[in-house]
Amino acid sequence: MTAGTANWSFTQDDFTAITESLRRFLGETKSLCALLVDRSGQLVTTVGEAPGLDTTSFASLTAADYSANDQLAKLVGETDFSSLFHQGEKESLYVADIARRLLLVIIFDSRTTVGLVRLRMKDEVEELTQLIDRVFSRDRNSDAPPKKLLQGADDEIDKLFNW
Amino acid sequence: MSMINYASREINCKIVYYGPGLGGKTTNLEHVYGKVKPETRGKLISLATETERTLFFDFLPVDLGTIRGFKTRFHLYTVPGQVYYNASRKLILKNVDGIVFVGDSQAERMEANLESMQNLYDNMAEYGYDLTQMPFVIQYNKRDLPNAAPIEDLQAALNPGWEVEDAAKQRVQPDPYHAGQNLVEQLSGGEWVERAPYFEAIAVQGDGVFDTLKAVSKLVLKALA
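From first to last, the protein sequence lines are chains F and Z.
Taking this note's numbering, the leading residue of the first sequence gets 1, the next gets one more, and so forth.
Taking this note's numbering, the leading residue of the second sequence gets 1001, the next gets one more, and so forth.
Warning: the hint list may mix true and false statements.
Within a straight-line C-alpha distance of at most 30 Å, the following computed DSSO-like cross-link-like pairs (lysine-lysine) qualify [claimed, not checked]:
1) K1090/Z x K159/F
2) K159/F x K1037/Z
3) K159/F x K1214/Z
4) K1043/Z x K90/F
5) K74/F x K1094/Z
Hints were generated in silico from the structure; no laboratory data involved.
Okay, chain F solo, but in the shape it has when bound (with noise of 0.2 Å):
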């Protein structure tokens, strides 16, 4: 049994390699934006126009919708739904699973159809799967970066909650 759950941490080249890929994908697909949201709810990065959108309870939302959907799969004998579909009026959204790890949301609107952004998001998440396996896989080594932030910052800790 693991005493808790792992952390991970990305640098500023995955944050532009994860960057570059969905700008490109919403060129593509004339989406309007992209969400990259862990499974447990934080939200990654967002790239394109998302006016007004609360992205903090956007990704928590997202992550439980997906787990919820996830639960249901299994209820009906399926190891797991790989995306979801929400239509709206004027705009859909569309989750995938990216590596069991992270969850891709596309917005789009009439400007695109849910066949091109399904269509085009196999490759997608394939590029993200790599990008992302290669995060993980970096933060298994035990010089990992994040072991190391607070190391030694106990007083510091002790400080920010002096209120």
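Put chain Z on the given structure of chain F with help from the hints.
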């Protein structure tokens, strides 16, 4: 699962408030929401029934300050306390970094407290998490009610301590929140035990709410140190 984002310089952590139905988990979040500066918190999202019972979860993101140039963002979640919502409750525990167990001090809720604590251990174990090895604090809520059980009784039932097997950890660790008490100590029988830090609270008035949040957040950050 703490996520460190070097690009936006943020440390993101997830804290879950667990406990029996009507124990005050949502009230804890509502108090935090009402008291922290609007610029340091997001919206309070509640997925609740028409009668304001939590159906899936409540969610509140708060920034607790900056450390080494990184913003510390805590995502606070509650679970539905009612027994039959276990499937939803378990989902919320996924990738959790710290747990607050909100117990109901009323003597007649002892059974419900015990059932919920057992359920917490079981759900955590199903994910492969060991509650005794991660940031975990207990809050005894509703201390103002006339039928509140004595703290000693609540501690004996809900926080009796787990055995410390690692010899390196077998040394007295005083409870920083209660003078004269210890978090790690040797019992008269010779075995070493560790208990979770506990707090008394009256969440509707805000008493003990921030003490609890501070303690668990500090433990979460220290787990990264």
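Hint-by-hint comparison with the structure:
1. Simply put, K1090/Z and K159/F have alpha-carbon atoms about 34 Å apart, too far for the 30 Å limit, and the pair is violated.
2. Between the alpha carbons of K159/F and K1037/Z the distance comes to roughly 19 Å, so the proposed pair stays at or under 30 Å and holds.
3. Of the supplied pair hints, the one linking K159/F and K1214/Z holds, its CA atoms being roughly 11 Å apart against a limit of 30 Å.
4. Restraint check: the Cα-Cα separation between K1043/Z and K90/F comes to about 24 Å, which is no more than 30 Å; the hinted pair holds.
5. A hinted pair counts as satisfied when its Cα atoms are at most 30 Å apart, and K74/F with K1094/Z qualifies at roughly 17 Å.
Checked against the numbered hints given earlier, this structure breaks only hint 1.
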